[in-house]
Amino acid sequence: DAEITQSPRHKITETGRQVTLACHQTWNHNNMFWYRQDLGHGLRLIHYSYGVHDTNKGEVSDGYSVSRSNTEDLPLTLESAASSQTSVYFCASSEGTGGEKLFFGSGTQLSVL
Amino acid sequence: GESVGLHLPTLSVQEGDNSIINCAYSNSASDYFIWYKQESGKGPQFIIDIRSNMDKRQGQRVTVLLNKTVKHLSLQIAATQPGDSAVYFCADSGGYSTLTFGKGTMLLVSP
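Protein chains in written order, with my numbering: chain F, 1 to 113; chain H, 114 to 224.
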């Protein structure tokens, strides 16, 4: 069955370190998204991609970057981790363009100490 | 699906009751609406969606109602079960925009 997987499931890092969260989907979807989820804020869009070599900033993109070198993967990099980036991160993918049903991964719990 | 501070709105029901979870959206140009269920420690799971050319859509034990006049969306769950306990999110989008998520409502089902 097609799926979307995130790794690691849990990560603890220190302030100032570079961290990369992985996202891999086997749906062959063009669109991929990264969200962070914090209590009181719901799901907020960080970055998204509509295809290979395409990346776009979302609502809360500062301090994050993504790259899309193939259809299956959209890694999320925190250039210099900050305590404010402690959160649960979800990757998602969709088939269509723009607002369409998203398929979510299981999430990565990131703690920045 | 509005939240107050750090606490999610919570709906508590008895097993077997019908549940209604409400959501307000703000973008009058939105034409696609979707509900997700999120269990503790898991990613959001798709429940049901609806486009703006409809005002009602039914799935298995779930119904989504859309009132575009007042920009309101609701999710009805029939014969609620303990396994329905989760946080429920609505989301909307217009044209080619990305989905905008509400802050969620927690549903607690007691046996």
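The set of hints was computed from the structure by calculation and includes no laboratory data.
Be aware that a few hints might be false.
In silico lysine-lysine, DSSO-like type, Cα no more than 30 Å apart, as pairs [said to hold, decoys possible]:
#, chain 1, residue 1, chain 2, residue 2
1, H, K216, H, K155
2, F, K57, F, K101
3, H, K184, F, K11
4, H, K184, H, K155
5, F, K57, H, K216
6, F, K11, H, K216
The structure displayed is predicted, hence computed values, not measured ones.
For each hint, the structure was consulted:
no.	hint	in the structure
1	H:K216 - H:K155	holds, 16 Å
2	F:K57 - F:K101	holds, 20 Å
3	H:K184 - F:K11	violated, 39 Å
4	H:K184 - H:K155	holds, 29 Å
5	F:K57 - H:K216	holds, 21 Å
6	F:K11 - H:K216	holds, 25 Å
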